[in-house]
Every structure is written in C-alpha cells, then in structure tokens.
Amino acid sequence: MDLFFFVLFATVAVLSAISVVVQRHPIASALSLVGVMASLAVLYLALGAEFVAMVQIIVYAGAVMVLFVFVIMLLNAGAEERRGRSLTAHLLGVPVLIAFLGLICYFVQREFANAGFMKFGNFTGGSAQSIGLALFTDYLLPFEITSVLILIAILGAIVLARKEMD
Amino acid sequence: MPINFSPSPDDLLRFSPEIILTVAGTLLMVLDPLFAKRFPKLFGHLAILALALATWGAVAANAVPGASFSDLLVVDGFATFFRVLVLAIGILSVLASYRYLGREEAETGEYHALLLFSVVGQCFMVAANDLIMIFIGLEISSIASYILAGYLRDDKRNNEAALKYFLLGSFATAFFLYGVALLYGVTATTKLDEIRTALNSPAAVSSFAMVAVAAALIFVGLGFKVSGAPFQVWAPDVYQGAPAPVSAFLATAPKAAAFAIFFRIFLTAFQQIAGGWEPLVWISALLSMTIGNFAALTQTNVKRLLAYSSVAHAGYILVALAAHSEIGTAAAMFYLAAYALMNIGAFAVVIHIAGKGERYLKIDDLAGLGKRQPGTAAMLTVFLLSLIGIPLTGGFFGKYYIFQAALQSNLVWLAVLGLLNSAVAAYYYLRLLVVMYFNEPGEGAETLEPLTPGLRAALILPAIGTFFLGVVPGFVLGFAQRSAALIR
Amino acid sequence: MAFYIISLIKIALVAFILLTVLAYLQWVERKVIAHVQVRMGPSRVGPHGLLQPLADVIKLITKEGVMPPQVNVFFYLLAPFLAVFMALISISVIPFGTQVTIGPWTTQLQLTDVNVGILFLLAVSSMGVYGVALAGWASNNKYALLGGLRSSAQMISYELPMSFSIASPLLIAGTLSLRDIVNAQAGYNFGFLPKWLIFAGPFPQVISFFVFMIAAFAETNRIPFDLPEAENELVAGFHVEYSSMTFASFFMAEYANMVTVCSIATLLFLGGWHPLWPAAYGSNFVAPAILFIAGALCIYHGINPARPFDRYTLPVFGLVFFGLTALMLFPPVIPVLMPLFWFLAKCGFLLFVFIWIRATLPRFRYDQLMGFAWKFLFPVALLNLLVTGLAVALGH
Amino acid sequence: MPDALAVLHNGVPISWYLMLSAVLFALGVAGFLFRRNIITVFMCIELMLNAVNLSFIAFANVHKQVSGQIFVFFVMVVAAAEAAVGLAIILTVFKNRSTLNIDEISTLKN
Amino acid sequence: MNLLDLVIAIPGVGFLIALLIPRKQEQAIRIFTLAVSLVTFVASLGLATGYKFGQAGQQFVTNVVWISNPEIHWHVGIDGLSLWLFILSTLLTPISILISWRFVRNQPKEFYAFLVLLEFGLVGVFAAWDLFLFYVFWEIVLVPMYFLIGIWGHDRRIYAALKFFLYTFAGSVLMLVAIIFLYNRAGTFDYAAILSGLQSGKVTLTHGEETFLFLAFFIAFAIKVPIFPLHTWLPDAHVEAPSAGSLMLASVMLKMGTYGLLRFCVPMFPTASHENAPWIVILAIIGIVYGALVAMVQPNMKKLVAYSSVSHLGFVVLGIFSFTQMGFDGAVYQMLNHGISTGALFVLVGFMYERRHSLAIADYGGVATVAPWLSAVFLITTLASIGLPMLNNFVGEFLVLQGTAQANFEWTIFAALGVIFSACYMLWLYQRVFFGQTSDEVKHHMPDFNAREWACVIPLVLMMVWMGIYSQTFLPAVSETNAKILEQSKANTALQVSLPRREPNAGLTLAAGGHIHAH
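Residue numbers (our numbering), protein chains in the order written: chain L, 1 to 166; chain V, 1 to 488; chain F, 1 to 396; chain U, 1 to 110; chain H, 1 to 519.
Among these hints, one or two may not hold up.
[Said to hold, decoys possible] Here are some chain V residues the structure puts well away from chain L; computed CB gaps all over 10 Å:
#, residue
1, 151
2, 273
3, 278
4, 378
5, 439
6, 456
[To be verified] Chain U regions said to be covered by chain L (calculated; three or more residues, Cβ under 8 Å):
#, stretch
7, 19 to 30
8, 59 to 72
9, 81 to 88
If you are wondering where the hints come from, they were derived from the structure by calculation, not from laboratory data.
Every value quoted in this text rests on a predicted model; they were computed, and no experiment measured them.
The C-beta atom is built at its ideal place from N, Cα and C for all residues, glycine as well.
Build the full structure now, drawing on both the sequences and the hints.
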C-alpha cells in the first residue's frame, strides 16, 4: 500500500513538475505546481507529517499559488513564445543539471539507502500538538521572528503595489 | 500540559538589539501616516536613534555572552562584532539617505522601517547558531532588501534591480536550504556546534561525501549572497539599478552578515571537511577578484563600477575564508569593517553627485569635483585610496591581514594573484581620481548642490573610521582575533 | 476487507443522499423565498413542485452545452470539475453522528476520521478558489474575468477571519479532530444548559460564530456577498459562459459548499449531534413529535385537499412520516438516529438561515465588501481569538 | 537497492523520497534557467523550495524528530512572504515595462 | 622621541597643518610649507653632525610598538647608507618648493601640501627599519606624486600619472607579498631581526622561496629604479611632471629603488641575488647604453634628462650587483650624485621652461648670451653630470667602474661606454641650447637668475663641488655600512649555498666563500 501510494503520487508530482517547466502558459504552470504541492502533501501525510501536509495545502496551494494565479490573471500574461534561452544555455545547462541530479541521487542512494523505510504510521510526531509544543518551546525564537518576516512582506506589498494617494 | 517557557533577563538582553529594532520599525510604520507629510526627516532621526540604541544593546549583550533560546541564539564576540558592524552600517546608510529621499520625494517612513527590519535580519543571522535561524534571518534581511532595491517603484532601473535581486536571491536561498536539508539528514541536527560534534565522530567519516555535497550547496547559496564569482551576475545590475543609498547598504550590510554566517558555518560546522571546500573557495575567490576587477576596468557608470569592485572585494574576503584559520577569520572581520566604511563613503559621494533622478552617474560626471568641492573630493580620495589599499587607510590593513592569513595557510599563489589583482584594481579607482581632479567640470558639477549635514556626516564618519582602522588597527583587530578564536 | 466494503457503502450512501439533498435544497430555496415574498414557488412539476429538481436535472443534462469559441478549452472544462470536486470532497471528513454497530461491524457515521479534520476542511475550501478563478479566466470574457478575480479576492480575504473564528473553538476543545470537538461539547451545565461552544466554555463563542457565519456567506458567494455573479454588473460573473452540465456543476458546488459550512458551524459551535437539552428531559421525543405533527398535518390536508392531486399524495407522505415517527421511537436505533436527527436539524436550520438572508438582504458594494472583511471582521475575529486564548490560559 | 520484497515488507526506502526530492529540485532549477516568463521562473523557485521541504519531511521521518517538520513550517512562511513581495515586484515591473519576458528586462548596463 | 623622529614628524604634522590653512591664503601656504621644509632640513643636518662615524649600525634609533598585532614597530634609525639619502630628501624639498614659487597658480594649497607629504614619505622610507613601516612609507610616497603629476603636470599628465602609479603599485604589492611571507616565517617585521634570523639559520628558506622573495622585492625596486625593461613609466612621468615633481622624482624617489636593492635584496637574499646577478647586470648595462642612446636623440630637454637618469641609475645597479666594496660605495655615492646633479638639471630646465614655455631643444639656442649666469650654472651641472673630475659624479662613476672591474672586467667596458655617451648627449644638448643664434623669443624671454632662483641653485652647485672635491665627508659612513652589508651578503651565502654555481666575481667573494666553507 505504501509503495502504491508513493509510486502513484511521486509519479503525479514528477509529471506535474515537468509540466510546470515545459508548459508554455503561466496558468498551466501554476496549476501544475498546485498539482505538485497537492501530491507532495499526500506524501507528507504518508511520512507522518499530517499537520504540515495540511498547512502545505492551505498556505502553499491555497494562498501562495492563488496569489500567483491571481497575478497571472491580472496581468493577463500570455503564453511564452517558444524561443528558449540561448542555445549555449541549453547545451551547458542540461548536462550540468543532469550531472547535478545524478550526483545528488548517487550520494543520496549511497548515504541513505538503508537509513530507514517509510511505513505509514511509523512516525507520529507530526501532530498539531507536537508541532505546537516544539514551536512554542524550542523554536519560540524563530517562530516569533517570522512575524517580522510577515510584517516586511505586508510592508513590501504596500510600498510596491499601493495606489498613488495624490 | 501547560507550557511554561519564559526567557530570562539575560536571554532578553542578548536578544535586545533585535527587539529594539523591531519595535522601532513597527513604530515607524505606525507613525508614517501621521507624520510623513509634515516631518519627513523625523523617520531618519528615529531610525538613527533606534540603531544607536540597538548598538548599545549589542554591546551590553556582549557583557553576558552565551547561548539563549534553546541554543538557537549565541551571543559571542563574533556576533557582537558583526552586529555592531551592521548597525553602524545602518546608521551610515540612514545618514546618507536623508538628502536622497528628499530629492526623490520618496516616502521616508516605510523606507526606514524596511531598513531597520533588514538590519534586524542581519543581526539575527550573525548571532544565530542554527541553520534554520540563519535561514530565517537571511530571508528577513533579503526580503526587506528586495523591496528597498525597488523602492522607487516608478523608476525602471529600480524595478529591474529589485526583480533581479529577488529572483536570484530566492534562487540562491533554495540552494542554501537544500544544503541545510541534506546536512540535517546526515547529522539529525541543524545546530552548528552539534553538526560539528556529529561530524567529529569517527563514524561520520563515511558521510563526508554527502556532507561535502551539502557544503557545496550551501556554498552556492551563500556565494550568491556575498556576490562571489561565479554567482556574482546579479550584483552589477542590482547595485546599479537600486537607489544609491540602498546600493550602499546592500553592498555592505547584507554582505557583511552573509560573510559572517559563511565563516561561522564553514569554520564551525564544516571544519572537518575543510580540505574539501578549500579548493572551491580558492577558485571562487580568484574568480571573484579577477572578474570583478577586470570587469570594473571598462565601466563608465560609477555605481556599476563600485558594484564590480564590491565583487572583487568579496573575492579578497573569500581568500581569507580559503585560509580557514583564526587569523583568516579575524582578517575578514577587519576587512569587512574597513570595506563597509570605505564603500559607504564612496556611495555617499555618488548619492551627492547623482542629482535628482540619478542622472549624473557617469564617471565623467565626477569631473571637476576636486575644484568645485575640494572637501567632498578629498573624502572620496580617502575612500578610493582605501579601496586601492594604500597604507594608513583601513583598506590597506584589511588587505594586509587577509593576505597574511593566506600566506600563513600556504596559499602563496592565491596571495600573489590577489595582490596583483589589487594592482589592477588600482587602475579603475585611479580613473575616478583622475576625472575628479584632472578633468574640467562638466554638467553634473555645474548643478552640484552643497553638501547637506546628513551626507556630510556620512562622509566624515567613514573617513575618520577609515583612518582609524588604518592608523591604529590594533583595536578592531584585537577584538576580531579574540572573537575569531571562539568560532573555531 | 470489511473496512473497505463498509467504506464503499458509506461513500455510496453519502454521495447519494448528498446529491439528492443538494438538488432539493434548490427546491427548498425557491419555496422559502417564494413564501417570504408571498408567492407559491415551484408547484407545477409534481405535488408542490416536488419533482422540480428532477426536472431541472434532466433539463440541464439534456441541454446542448455551448462551447464558446474564444475559451481556453482545457481550463474551461477543468474549472467546474474542480469546483465540484473540492466542494464534495470536504464532506468526507464531516461526522454526522456517533458510531453505528450492525452485527459484527462497527463504523462511525463519517467517511473518514482525520485527526486534522478541520485543517483538511480549511485546506479544501482554500482550494475551492481555483474553480472560480479559473472559470473566470478561461472564459476569456471580461465579465467572467472580473467575476473570477473578485471572487478569488473575496474568498481569500474572508478565509482569514474564517480561520480565526475557527481557531477559537479549537482552542477551547484542544483538538483538531472534528469528532473530538463535538465530543468536547457533550454534557450540560446545571444539568440542562448544553455545553455547546457558542454558549459555554471559558468564553462563549458567540462572536466567533457570527464571524464564521458571515465569512461563510462570503466563502460560498451567497447574498449579500454574491458579487462574483452580480447579475446587474457582471451579467453572471465567472460562469457567464457556462451552460448545461458545466453550469449545473457550479450550481451544485455552491450548494455543496453551503452544506459544508453549515455542517462545520454545527460541529464547531452548535454541539454537533448533541441535543439541545438532556435526554432525561425528553429530548429524544422531539424528533418523533415533529415527525408526528408533520404526518398529522399531511393527513389533515390530504383529507381537505387544496388541489385534487393532494388527495393521494399527502396521505402517502403522512404515512411515511408516521412510519418515521415509529422508527424514531424504536429503542435500538435511538442512539444512532437521535444524533443524526439533531445534527441534520441544526444544519438544516442554518441552511434555512442562508436562504432566509438571501430573501432579505441586498448586495454589498465591492469596496464595502473588502473593507468589511479587513477592517471589521478580521480585527473582531483576532480580538476574539486573543480573548479566548486568554480565557483558556487562565482556565488552566 | 532493496529488492521488491523488502519494499513490500518494510515500506518505501527513504532514499526514494530523497531522490524524488532531488528530481523535483533539478526540475525547478531547469525551469529557472530555461524559462523566460518571470512568473514562471518564480514558480520554479517555489518548486525548488517544495522539493527541499520533501527532503526535510523525509529526514524528519528518518530521525523520528519533529524538528524537520518545523523547518518546513518556517520555509512555508518564508515562501509566503517571498511570494507576496516577489509578486508585488513583478507587478511594478510589469506596470513600467508591460512585459514579463525576462530577456526584455535587461536595460541596465552602462 | 629623538631627533630623527622629530625630523620625520615635522613634515607630517606640517602637512596636516597646511591642510587647515584657508585656500585663499596662497602666500601663507607657500611660506609655511617652505618654513616647514627648511626646518626639517636644518634639523636633519643635526643628524649629520650627531652621527657617530665609525659605527656601522643604525643610530638615532627609536623602537616603539605601533600596532600590537601583528607586531609592527615604529622602528626608525639611520645608518651610513641612509644618512645622506635622508638629508638629500630634506635638502631638495625646500628647493622644490622654491622653484614652484611662482609657477604654480592652480590650487597651490594642495600642491605645497603634497610636497610636504612627499617629504614625509621619503624621509620615512629612508629611516624605516621595520619592513612594514617601510612599506607604509613607500606607498605614502606614491599618492602625492600621483597628484603632483596628474594635477599640475603638462599635457599628457593623466596618462603619465596613471602609468606611474600603476607600475609602482604593481611592483609594491609584490613586495607586500614578500614582506608578509617573511613575517609569517620570522614572526617579526623587524629588519634587523629578520636579517639575523636568516643569517643564523633560525629562519630557513628553501632555495625556491628565497628566489621568489628576492624576485618579489627585486621587481618592486626595479620598477622604481627603473631597470631597463621596466623603465617606460619614467620618461612619461618626468616629462609630464611639474618641475618640482621631476626634481623629487629623479633626485629622491628613484633612489628608493636602489636603496631598497642594497638594503633589502642583497643582504637578506644573498644566494638569490648572487644567482640572479648575471642577468640583472646585463639589464643594467642595457639600461646604461640604451638610456644614453635614447637620450641622445631626444628633442625634449626633460625627456633627455629623464633617459639620462635611466642610464645613470644603471650604474648604480651595476655597482650594487658587482658585490664589491667599491661597487657598493660607488653605487651609494652615485645615488647622491645623481640626486644633486640631475636634480639641478631639472631645476634649471624648469627655470627655462618658466621663461620660454617650451621644453623643445629646438626652441632654444644662444641662451648663453642673454642669460650668462644661467648658462654657467648649467654648464657646471652638465659637467658634473658627465663625470668631470673634481665634480661629484666622477667619484661615483669611478668607484662603480672600479668595483665592476674587480668583479668582471667585461662589464666595465660596456659601462664605460655609458660614460662616453653621456658626455656626448649632455654636451650636445648644452651646445644646442646655449650656443648658436639667439632667437627673438629667447632674447626677450630669457632673463637671468633672480634671487629666489639663486637660492635654489647655489646649494646644489656647492654640493656638486663639495662632493667632487672632498668625498671624505660622505664616504666613510657609507663605506662602513656597505662593508657590513657586503659581509652579510657573503656570510649568508656561505651558510646557505649548497648548489654549485658559477661565481661571476672571481676574486673577493669566492675566496671568502671558500674560506668559510672550509670550516
């Protein structure tokens, strides 16, 4: 069952991610990204991170990506004409990326092949309670300081996007 | 299950600079709609006050060094040094901003609030002992900087600067984060000292390859932030496009903080695999110096020139990192202080000559400054000489210490190439001097306005600082060395 | 294996009942509004128009779907699907009652019990925006786009006070599982005052409840927040280009959302399936009594028919009601049916409120709507959360 | 490579999750490098962050620690803030230049 | 705080005070800076009188910690090598101020202030006994000279100034590498400590390291001297600089290079300097001949003098790399001579430029008839410059040639060619400028010396004669010190050299070396 879910949603995630990258229309990319996020949320659930999975959907898919879609619509961004970056970028970039990917995969496989197995329910530390406890004890400081981050984001949006008053 | 977690007074004191700045930033935001029209300068004054208070807090916190908030925050000499440095940069940036904001008729309240928040992030970064904390601090600093870079939103250059800074900054962040994730996977912790302990254990040797990958990713992320080559592509565009006082700030404070964590992470967490990352830093340092200096040779825009020069200076500091020794760390700290002073000073002159809408940014617009305003010209001369590395200026001792560290770590060729680079650099700095003193005044100089008090202070204070570092470097260096001993 | 079979049966049952309810909700709405406005409402198709929903469904299915030439086909078709999917999936975590034991099998009256159920609901509802926004955009029509943009902005804005208002009862209940939240509301103060969160706890959640309801109206795009489909400004908003089944999908989604939010309100604030007063005081007899009265009324009107047809239909209904009354009085099923009844009753009442308000209030102006969300609702919800938090903290 | 039986018996190896994460990350990087619409480029950054999050969660499962999930939480907050600011920046850019093509937004230089 | 500190401090403080004088008070600035430089000069004479002859080591030592980490000392002192160079700097500064008295109209405040700053740097260079301090002064010299050329120079001043700065700076950063390297090895910047460490073997360098360090120092000094292929900045800088700049540049700043060679390169890295001597000597000879030949064809007086400097400095380098007592003595003496006589030439050319506003030889002719005193002084200077007996250069050139002959006679032949050539171009210059038809422009614009100008040239002429007639005033101190340096360079060679190599100077060095080997 675990394997089935993993394969299913990993496939969905990868296909959606490819779709994000190759779709010409930003809206299509955005929705594909939502697809990635949703399938990742399911994988999070499987890994015992139910709270984070839900937050992933609420914050990422439900708020951040909506914002993206919103902006795309607002700007009425059209499809990209298919004239990619320079050839050299492709010639250089693709092999480097594949090498990068291969390297990471190789090391990950070497290092973590026997690190553990995911079985649904083998880790139940991801409840809202345990997250909350961690957030308000060990991670109180970063938790508080993220409020500054939010404040900056609000301020930034005001500074950059407000209408002229006069 | 009531949770009782209340910080002790010591904890709060160690955290006081951030608290003060956050409160002040919020206050500025609140006061903005009330006073923005009537007292546009009020916000600058308040910001300086807050920064000064925070500096005091940072110094006071140094009296009770130690870890707080479940070891996430560590106040040590290193942290204090960089805190004071970024706070001082903040003060100087505010001083340099008065005239600019007035000239461009920009909103002052939000500007200063963002500046304060950015400094909060940097203070937070440099005192962090945890990769996640560093990440959050980095982002606070960066996000505020993105906005500042595009602060004059009707200016196309500002837009472009903000966009590029934002895109590449976020890109870098993702790399940094991936590195953190992998590191977390190997060591099951993100606290720097625990990572070090974990990697020190004999069992960890088998994971070194993985750690090296993580280190490389973190290196990429931080390389972007410090604008070290080959990740420097954004720097020229951003520094050129952003409002001049913001460029001054961006070229110094975030860079100083990013270098602080660079050193902290690489010397604390990755000390074990130093042999692995040293060549990486070596190459990056050399590339930064070379690319920065040679690209700067052909620039005609002063801001862009300073941008490339800042890339080159990042290269010098990376040399100190490549040395990965106590003395190297101390040298980098000293250099960053000197660099911040001279760079802000140089940018202050740019702010002064740029004129409304930053029209006069060509090197030729400096022409005749030596005749029109000998005082300003003399200040710029001091900064440029310091950037070149002429003795009796901070820049000289900075370079000296760095290359001493490099030689001590047997990086002879890096030192030689670095110093030759600094000779190349002399050329383009001298070009500014040439134009300023030897050429006849142009259009920019005709319309030049007298120095305002804010700018005057933003010139004189760094100049004094530059000389101070150049004549009695022992004071700062001594502190740096004592602090550097702590992060190893 | 049994688990899967039971689950499948439950899913089929819930889907069937829900879809029927949704169809009839439309009928109820038309009837109620008609009566508010002193009209008859649908009455041609079937007795009292009871077959109207069926006719509507047949009509919508058989109508020719018009595919406007300018639309972006894929997203145009995806949008209604998304809307319905998101609306229906949220039902899966809503508990309707306590557990049922039939022979060796025991199951909850709930499709699945997730321990972060309420978050799941929030998540799904936040995804609901996509349907509307996409529909507006894919139609390639300026009215539709405006409607889509408006509604996404509106839904995002109101999601915030909604979340805050949900957080307060969660704080008191101390859990995210919907079932546990309802269980936390069991019992009575002084023996008769229900411990529903709207009444009781360290801090009664009245404000929270109202904020939630207001936000719920906005989230479901109902009057007075139905700006996305404001007929007089935007023709019909985001679904102006939709017809036949695709149009029906949006319609269905809207009603399904209504059901969902009413269920949530019931679960969070109104004690879920807990009766209004203790069984000791006879709460178990409310349902039979109502059914009995309904049956009696049917028989009465069947005997004195207003229309010729009523002579046959109403007695049949009357008999059905009597049968239900008898069922409700049958002791073995009481523990199962009573909670279900109370839950449906509260939910139905809230649905009625929805319709009632639609019949009563005019529409907001757009800036008023946003201003209301950010300047009034949000601070109120925040304040309420703070006070609740304080109360909970002091209560410990 | 654990054989299929082991997978059925033990569950999915964590390294598979990590490789999935690496693949997603690389796809994000590819998008960042090859796409030209600013918004898409930005979305690719989000994809990279998501990939990192998956790693964190997987490691949290390995180490049986909640802290990995906390990090994801913070990353999300950061991503949200970044999105707000980033989109605002994109809006200003679009307002002044009426284009979202990253190649056309390169007027600085001398 | 002894007299030496005071002498160094006066111009430094004077510079700061000069900056404070209001821009409008031009005369006040002139007088003040002149006063400062005169006081410095007088005080520096005190050094000469107080100098204890017969002691080769440094005197007037002050050694206090300036920067504690890394330990950098304010360690200054004077020995026979630096004493006269030191006084030369203090002597020439007032003269340079005087000759600019009327000439500089543009931003005079900065001009005079920079001259004083230049003096500060120069005296510091000659007095510094701490490598780091030396480097600091070395770089300080660069800045005022850069501005002097760049602001008050002639038409191509910007190009010249940049070229000057970049050449010198590039060299000096190499020196910095070497200094840091030495510090890392020896743990001190103190020259004496490093030297004794190297000699006693406490500080060991591999052969490659020593070569590297030697080359790093050598290139820095060679650029400054300048030695043949690195000399191209010099004609540009000299021609474009104002008279005062040319004067200081030729008379004192070039000596910084040769001083450095003798002070640092030779004693600290004896093996490397011996090994590299052959090609350095060849370069020096090329410089001598090449400089002279190029000077011969110059149409521009200043350029001619500038190339003659290349030639003369070639002698100095030759003398140094002959590794003989006489060669050393001659080199040092030649440094002083060159400072006086070439300085005087620049002064005089400057005077003529002030009058005629031209440096082209073709624009002159028959000056002798209108300005006899000027011609007379010029003649004396010319003769001194070509090494006429009884005048100063003769002594130096003789010593150098003799020292070279001791080492390798073939070199002497080439070097002597330089002497002959110098006679050619100088006399030819004199003939073209002072004799022949007097043109109208010359006639009307060539008044003779005034009092200020006399004040400038008299000390120089006196010195030429004094140094030519009674070299014993100066040579003993020089010789003592040189003997010590020679000793150091040999002793060290003996200790370290293990590679067999061809010894160019068969006599002295081999004998001494062999002797110590025998132990």
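Evaluated hints:
no., hint, verdict
1, 151, "7 Å, violated"
2, 273, "14 Å, holds"
3, 278, "20 Å, holds"
4, 378, "37 Å, holds"
5, 439, "39 Å, holds"
6, 456, "28 Å, holds"
7, 19 to 30, "holds (count 11)"
8, 59 to 72, "holds (count 10)"
9, 81 to 88, "holds (count 7)"
In this structure, the one hint that does not hold is number 1.
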